[in-house]
Amino acid sequence: MTTDRQDRVPEFIKIENLEMVFETKKGRFHALREINLGVAQGEFVTLIGHSGCGKSTLLNLIAGLLNASSGVLLCDRREIAAPGPERAVVFQNHSLLPWLTCAENVFLAVERVFAATEGKAQLKARTQAALELVGMGHASAKRPHEISGGMKQRVGIARALAMEPKVLLMDEPFGALDALTRAHLQDELLKIVARTRSTVVMVTHDVDEAVLLSDRIAMMSNGPAATIGEILPITLPRPRNRVALAEDPTYVHCRKEVLDFLYTRHGHVEKVAA
Amino acid sequence: MVAAVFHTALDQGPATTSAVEAARVSAMPTQATPTAPQQATARTPFDWRSMWLAVLPPIIGIALLLAIWALLTMNSTTFPSPKETFDAAAKLFADPFYDKGPNDQGIGWNVLYSLQRVAIGFGMAAAVGIPMGFMLGRFTFLNRVVNPLVSLLRPVSPLAWLPIGLLVFQAANPAAIWTIFICSIWPMIINTAVGVQRVPQDYLNVARVLNLSEWKIITRILFPAVLPYMLTGVRLSVGTAWLVIVAAEMLTGGVGIGFWVWDEWNNLNVKHIIVAIFVIGIVGLLLEQLLVTIAKRFSYDD
Numbered sequence: 007m008t009t010d011r012q013d014r015v016p017e018f019i020k021i022e023n024l025e026m027v028f029e030t031k032k033g034r035f036h037a038l039r040e041i042n043l044g045v046a047q048g049e050f051v052t053l054i055g056h057s058g059c060g061k062s063t064l065l066n067l068i069a070g071l072l073n074a075s076s077g078v079l080l081c082d083r084r085e086i087a088a089p090g091p092e093r094a095v096v097f098q099n100h101s102l103l104p105w106l107t108c109a110e111n112v113f114l115a116v117e118r119v120f121a122a123t124e125g126k127a128q129l130k131a132r133t134q135a136a137l138e139l140v141g142m143g144h145a146s147a148k149r150p151h152e153i154s155g156g157m158k159q160r161v162g163i164a165r166a167l168a169m170e171p172k173v174l175l176m177d178e179p180f181g182a183l184d185a186l187t188r189a190h191l192q193d194e195l196l197k198i199v200a201r202t203r204s205t206v207v208m209v210t211h212d213v214d215e216a217v218l219l220s221d222r223i224a225m226m227s228n229g230p231a232a233t234i235g236e237i238l239p240i241t242l243p244r245p246r247n248r249v250a251l252a253e254d255p256t257y258v259h260c261r262k263e264v265l266d267f268l269y270t271r272h273g274h275v276e277k278v279a280a
Numbered sequence: 463m464v465a466a467v468f469h470t471a472l473d474q475g476p477a478t479t480s481a482v483e484a485a486r487v488s489a490m491p492t493q494a495t496p497t498a499p500q501q502a503t504a505r506t507p508f509d510w511r512s513m514w515l516a517v518l519p520p521i522i523g524i525a526l527l528l529a530i531w532a533l534l535t536m537n538s539t540t541f542p543s544p545k546e547t548f549d550a551a552a553k554l555f556a557d558p559f560y561d562k563g564p565n566d567q568g569i570g571w572n573v574l575y576s577l578q579r580v581a582i583g584f585g586m587a588a589a590v591g592i593p594m595g596f597m598l599g600r601f602t603f604l605n606r607v608v609n610p611l612v613s614l615l616r617p618v619s620p621l622a623w624l625p626i627g628l629l630v631f632q633a634a635n636p637a638a639i640w641t642i643f644i645c646s647i648w649p650m651i652i653n654t655a656v657g658v659q660r661v662p663q664d665y666l667n668v669a670r671v672l673n674l675s676e677w678k679i680i681t682r683i684l685f686p687a688v689l690p691y692m693l694t695g696v697r698l699s700v701g702t703a704w705l706v707i708v709a710a711e712m713l714t715g716g717v718g719i720g721f722w723v724w725d726e727w728n729n730l731n732v733k734h735i736i737v738a739i740f741v742i743g744i745v746g747l748l749l750e751q752l753l754v755t756i757a758k759r760f761s762y763d764d
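Chains as they are written, first to last, in my numbering: chain A, 7 to 280; chain B, 463 to 764.
Read the hints as simulated data drawn from the structure, not as lab findings.
If you're wondering where the values come from, they're calculated on a predicted model, not measured in any experiment.
Possibly wrong hints are sitting among the right ones.
Stated by the list, open to error - Straight-line alpha carbon distances no greater than 27 Å define the calculated BS3-like cross-link-like pairs of lysine-lysine that follow: (1) A/LYS148 / A/LYS130; (2) A/LYS148 / B/LYS758; (3) B/LYS758 / B/LYS553; (4) B/LYS678 / A/LYS126; (5) A/LYS20 / A/LYS172; (6) A/LYS148 / A/LYS126; (7) A/LYS126 / A/LYS172; (8) A/LYS130 / B/LYS678; (9) A/LYS197 / A/LYS172; (10) A/LYS148 / A/LYS197; (11) B/LYS733 / B/LYS545; (12) A/LYS197 / A/LYS262; (13) A/LYS148 / B/LYS545; (14) A/LYS130 / A/LYS172; (15) A/LYS172 / B/LYS678.
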């Protein structure tokens, strides 16, 4: 698996010496410093860190929703200056439009990317296929408030995948879900990513989730001026099974590495001022 | 509902069904036979209790008003009693659409003329105010330009605008419509602008990631998101418009419920004035209810 991945573009996403400074009313806030990261095509990278360390900021920078203060940010050798459908985002709170049905929500994305080259029937077929992919084919006519949180997140993923993006960016996609639904969706995501061979950058604060899903885990130090402290490769073979992995020595070791980084070396300090 | 299922289970079961078992069935309604819920709904008696709770209090309120009114006017010679007023109303509504020249028309015509003025003035206000609200919400600079003007002009009493209308249009009817226009435009501008500013950033981020065209952003994201705010503005505006028209018509004359009230005052026909007050109230209530219904139709749950 690892060799297969190395055949592809090694630095599909390339981040070099990235700095992010916010100008706020209280003054300058140095959020990120000296971020260096390369993501290969078809690679699954998670960003993990304590809350407030800027991992979502980094994801938004890759998405193009924010503009970096300085540094290089490339996707497929092109500079990231604005958001675009080739970098689909799955938002933490699903962000489905409540006045559209699930199918219409997905169709909005499909239409934007493929309307120039395909007919309406094909666009509809793509929409349905994307919903089927996440197991939501039956709910295409339902509105977001009629389905559960896990289902909404699935539709959010379907909307992102339907655009056939070069990169899938996920901002704590399962953070708001209960543990069982989360585990189920993680398994689904593993299958989908194996099938679509997507390049994924995912933000999480869940250690198990990171180890289970990732090829590499970028562990971030605490802010302000946070940076990637260490990158841990997860060499576990795919397909991965969460039950079998629970006692796998490599899995246990990786998990301990991440916990060690997060809690021993970069323990979260709640600041009164913050 | 649980009680109904309870009874159904007892009816269906053998006579020896123990209370424990019946309780178990009632606690787990899904275990009851599939026909049970249907029977239960069929047998549920009409819910008189909640019906009385919905109908009785308003009736008590109106009855109290009539009782106090009747008590106070028992020995009065100038102020009509409820009975007299009701008789006058019955006579008025027996023929609401008669037409004996411009100064003597049925109450139905008067109400319709007033509604027509409100519709024109309010319609123009909506046509100008809603797009303007969108622009103010979308462009901060424009908002800063217009905001002081809105703050300055909004609190002005409706009737202060009437002379301006008379001066510009040189006629009573357009002046009344102008007054409606200028008074009902503010809530729509302000609410629409606030609605646009409060569109959740998440939705706008979706628009940015999908790289939607400005047209799609307006039709698929901004408009649906702003609609509930907009309808609140429309509701407030219609209320204001209906308040203002009565006052404006008193001054401008012509056919209309406001002028009719003034006319009856000059005739010292107090019964008709009281009838008019009820009519104005009821029409206002209906307008409000109509818009609440529309607003409900377009509201959505997140």
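Now the hints, each set against the structure:
In summary, the hint linking A/LYS148 to A/LYS130 is supported, as the alpha carbons are separated by about 16 Å, within the 27 Å threshold. A hinted pair counts as satisfied when its Cα atoms are at most 27 Å apart, and A/LYS148 with B/LYS758 qualifies at roughly 19 Å. Only pairs whose Cα atoms come within 27 Å are accepted, and B/LYS758 paired with B/LYS553 is rejected, the gap being roughly 38 Å. Under the criterion of a C-alpha separation no larger than 27 Å, the hint pairing B/LYS678 with A/LYS126 is consistent with the structure, at around 17 Å.
A hinted pair counts as satisfied when its Cα atoms are at most 27 Å apart, and A/LYS20 with A/LYS172 qualifies at roughly 14 Å. Only pairs whose Cα atoms come within 27 Å are accepted, and A/LYS148 paired with A/LYS126 is accepted, the gap being roughly 21 Å. For the hint pairing A/LYS126 with A/LYS172, the CA-to-CA distance comes to about 23 Å; that is within 27 Å, so the pair holds. For the proposed pair A/LYS130 and B/LYS678, the alpha carbon gap of about 18 Å is at most 27 Å, so the pair holds.
Annotation: proposed proximity of A/LYS197 to A/LYS172 holds, straight-line Cα distance about 18 Å (limit 27 Å). Among the hinted pairs, A/LYS148 with A/LYS197 is consistent with the structure: their alpha-carbon atoms are about 25 Å apart, no more than 27 Å. For the given pair, B/LYS733 sits about 10 Å from B/LYS545 by alpha-carbon distance, which is consistent with the 27 Å threshold. Using a Cα cut-off of 27 Å, the hinted pair A/LYS197 and A/LYS262 holds, with the two alpha carbons roughly 25 Å apart.
Simply put, A/LYS148 and B/LYS545 have alpha-carbon atoms about 56 Å apart, too far for the 27 Å limit, and the pair is violated. Between the alpha carbons of A/LYS130 and A/LYS172 the distance comes to roughly 21 Å, so the proposed pair stays at or under 27 Å and holds. Restraint check for A/LYS172 and B/LYS678: the C-alpha separation of about 23 Å stays at or below 27 Å, so the hint holds.
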